[in-house]
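*Asks:* Residues per chain, in single letters:
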Amino acid sequence: MDYLNPYMIILVLAGLYMAWNIGANDLANAMGTSVGSGALTLKKVVIVAAFFEFTGAVFFGKRVTTTIAKGIVPLDAIKTIDPHLVVLGMLAAILAAGFWITLATFYNLPVSTTHSIVGAVLGFGIIAAMMDIIAINDIQWSILAKIVASWLISPILGAIIAYIIFLIVRFLFLQRATEPHDVERKFVYLQIMTACYIAFAHGSNDVANAVGPLYAGLNALGAADGGVPIWVLAVGGIGMVIGLATWGYRVIETIGTRITELTPTRGFSAEFATASVVILHSYSSLPISTTHTLVGSVIGVGLAGGLAAVDLSVIGKIVASWITTVPIAALTSAVIFTILLGIGI
Amino acid sequence: MKKFDYIRTVLDIFATSPFKPIAMHASKGVEATYILQKSFEAYCEGNMDAVLEYSRQIDSIEHEADIIKQTIRSEISSSIMLPVKAEDLFNFLKPQDSIADVAQEVGFWMTLRKCEVPQDLKEELKRLVEKTIETVDTYELLIGELEDLLESSFGKKDVKEALALVPRVEELEHEVDIIEKNLMMKIFNSENELGGAAVYHLTELVKLTGDIADKAEHAADRLRTMILRR
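Heads up: the protein sequence lines correspond to chains A and B, in order.
According to the working numbering, the first sequence is numbered sequentially starting from 1.
According to the working numbering, the second sequence is numbered sequentially starting from 1.
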C-alpha cells in the first residue's frame, strides 16, 4: 500500500479540514457553556476538551463513522465495480460538506456539520444511481429516515431530559438552600464533570463527520480493510483538537463572556442532558448535531423556569437549516463528483 | 459580533434578561422621589431657584427611566420565553414607570407657584413626603428580591419572602392616604387665610404626591400577580 498516494493525501487533508471546522465551532459551542458559568477557565476548558474529545473520538467514534461511511450508500457495491468511483465520491462529499460549513460559519447560520456530511454522502449516492452505477433502491432509505428522525428527536429529547434534571436540581437543592448562591458554587464541580462528559460525547459522534468519508475512501484504496482503523479516528481527533486550539478558544471566549445567565446549576442540567442524548445516539450509530441538541436542552431549562430569557426564534432558523442543508450539500457533492469524473481525475 | 467573523454559535438562544433593567428602572423612580424630597425642603424655605434646578434633575431621571422601559419593551418580542408571563411583566412595568412620571409632575408643579404655607402645614407636608419615601424604599426592597427569586428559580421560601413585602408597601400607602386626607382637610380649613389659588395649588400638590405611593402600591400588587401567575 502506497501511503503517498495523492488521493490518500488529499482525502486526509480534506478530512482534517472538516475536523478543524468541527473543533473550531461545534466543540467550542459545547464547551462554551462551561466557561460562561465560570466552572472552568478558558485554558483549562481547552485542555479538558482536547483530552476527552480525542478519547471519545478514538474509543467510541467507530459506530457513527461506519454509519456515515457505509450505512447510507452501499459503497462496498460501488467498490466492486470501481474503487476509484468511491474515492472520488468521498472526496466530493467531504469537499461539498466543507464548503457548505465554511459558508454557513461566515454567516453565523446554525448549520450542522452532521447534516452537511449526511447530505453530501447522499448526494454522491443519488448521482451514482443516476449514472446507473447503483440502483436507486440500493441507497439505504430506511437508515436515512432513521437518521433524519433522530435529528428531530435529539433536540426534543435534550429538552425533556434537561427539563427534568433542572426540576430535580431545583426541588432538591435550589429551593431548600438558604443561599442559592452556595448551591451554584457546589455545582461548579459537577459542571467540570459534565464538561468532560460533553466533550467525550461530542468526540464520539462528531468525529464521524470528518472521518466517515475518509475511512470509506481509504477502504476503497485498500488502506483500511476491516473496521475503522484507530489511526483514522485519531486523525479526526487530532484535527478537532487543533481546531479548538487554533480557533475554537476564541469562540469559547465569545460564548463565555456573553452567556452570563447560564449559572452552574442551569449549565449542568443542559450539558448533562446534551451529553447523554449524544452518547445514546453514538451508541445507536446515529449521527446527530450536538449543537442542536444543546439548543434543545437550553430550551428545556428555560421551560422549567431556569432562565431569565430564552429566544425561541432560533428554532425557526434551525428548522430552516435542516430543510436547506441536506439538498444543498447533496447537490454540491453531486456536482463536484461529476466534475472530478468529467475532467478524468 | 461582526457579521463576517468565522463563528457559528448557540448564543442566539440566550436573550437579554429584562430583570436587571427592571431593577434599574425601579431605582430611577426611587431616585426621582428622593430628589423630590430635597425639592420640597427648598420649596418650604422659599428657594425657588433650587426647586427649578431639582425639577430639571427629575426630568432627566424620568427620561432615563423611559429609555430603560423602552429597551425592556423592545427586547421582549413574541419569540422570547420568560419565566413569567410577558403580559404580566408589562402590566407591572407600567405603574412602576409612573412613579418617576408622577415625581416629575410634582417637581414641575412646585415650580409654578411660590410657597405660602403656614408652619403646621409645612410639617404635615414633610411627613407626607417622608412616608412616600418610605413607601418607595420598601418597593425597591421588593424589586431587589426579584434577583433571588430568579436565582432559586422561584423557590417557595424566596417567593414567600418577596410576597411578604407587598402588604408592607400596601400598608405604607394606606398611611400616606391618611396623611393626605388630613392635609386636604387642613388646607380647606385655612382657605380664607390662603386664598383660592393657593388652595388649588396645594391640594393638587398633595394629591400628586400621594399618587407616587399609589403607583408604587399598584406596581407591587401587579408584581405579586406576575409572581403568582407564572
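Hints are computed from structural coordinates only; laboratory data are not their basis.
Incorrect hints may appear among the rest.
[Said to hold, decoys possible] Listed next, the in silico DSSO-like pairs over lysine-lysine satisfying Cα-Cα at most 27 Å (straight line):
no., chain 1, residue 1, chain 2, residue 2
1, A, Lys317, B, Lys85
2, B, Lys69, A, Lys186
3, B, Lys69, B, Lys85
4, A, Lys186, B, Lys157
5, B, Lys20, A, Lys186
6, A, Lys186, B, Lys122
7, B, Lys20, B, Lys114
*Asks:* Each hint: holds or not?
*Replies:* For each hint, the structure was consulted:
1. Taking the CA atoms of A/Lys317 and B/Lys85, the gap is near 24 Å; set against the 27 Å cutoff, the hint holds.
2. Distance restraint check for B/Lys69 and A/Lys186: the Cα-Cα separation of roughly 36 Å exceeds the 27 Å cut-off, and the hinted pair is therefore not satisfied.
3. About 17 Å separates the Cα atoms of B/Lys69 and B/Lys85, which keeps this hinted pair within 27 Å; it holds.
4. Taken as a hint, the A/Lys186 and B/Lys157 pair is honoured in the structure, with Cα atoms around 20 Å apart against an allowance of 27 Å.
5. Note on B/Lys20 and A/Lys186: the hinted pairing holds, with a Cα-Cα distance of about 25 Å set against a maximum of 27 Å.
6. With a CA separation close to 56 Å, the supplied pair A/Lys186 and B/Lys122 exceeds the 27 Å bound.
7. For the suggested pair B/Lys20 and B/Lys114, the alpha carbons sit about 40 Å apart, so the restraint of at most 27 Å is broken.
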